[in-house]
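Generate coordinates for the entire structure from the input sequences, incorporating the hints supplied.
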Amino acid sequence: MLRAAAGRVSAPLRRLVHSSAPRRGGATEEIFSDTQNGYLFGEKPGVPRKKELWETMMQIGMGGTFVLAAIGLACAPETSIKVWAEEESVARIKRRQAEE
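Residue 65 in this note's numbering sits at position 65 of the sequence shown; the count goes up by one each step and never skips.
Where hints are given, some of them may not hold.
Pair ranges (Cβ atoms, derived) [what the hints assert, rightly or not]:
hint	residue 1	residue 2	range
1	49	90	57 to 65 angstroms
2	66	99	48 to 56 angstroms
3	38	58	44 to 52 angstroms
4	42	64	24 to 32 angstroms
5	76	46	43 to 51 angstroms
6	90	52	56 to 64 angstroms
7	65	42	25 to 33 angstroms
Derived from the structure by calculation, the hints contain no laboratory data. Beta carbons: idealized from backbone N, C-alpha and C, even for Gly.
Shown next as structure tokens:
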């Protein structure tokens with residue numbers, strides 16, 4: 001009974017000590033994919049690629065966003081200080097002419 005309790009306590013401690021112990025030999029070998037064929041994104045050149053569903057939705061969404069942004073920016077009112085000053089000066093000149 002005491003041995004079983006000691007085993008339950010020592011197993012996590014043993015794992016903790018062994019996992020945090022320094023490793024010798026430098027970097028470990030990491031495998032990033034099961035099949036490394038040397039092609040960009042794993043697609044062979046000359047083979048037509050099959051589009052996934054999210055790609056079409058992304059292109060439509062981004063294209064629509066750019067079109068709406070371009071229209072919105074083209075129709076936005078001019079807010080520079082020079083435009084305001086020009087309009088204000090024209091209005092003042094007209095008021096002075098109307099008073100005379």
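For each hint, the structure was consulted:
{"no.": "1", "hint": "49 <-> 90: 57 to 65 angstroms", "in the structure": "holds, 59 angstroms"}
{"no.": "2", "hint": "66 <-> 99: 48 to 56 angstroms", "in the structure": "holds, 50 angstroms"}
{"no.": "3", "hint": "38 <-> 58: 44 to 52 angstroms", "in the structure": "violated, 27 angstroms"}
{"no.": "4", "hint": "42 <-> 64: 24 to 32 angstroms", "in the structure": "holds, 30 angstroms"}
{"no.": "5", "hint": "76 <-> 46: 43 to 51 angstroms", "in the structure": "holds, 47 angstroms"}
{"no.": "6", "hint": "90 <-> 52: 56 to 64 angstroms", "in the structure": "holds, 57 angstroms"}
{"no.": "7", "hint": "65 <-> 42: 25 to 33 angstroms", "in the structure": "holds, 30 angstroms"}
In this structure, the one hint that does not hold is number 3.
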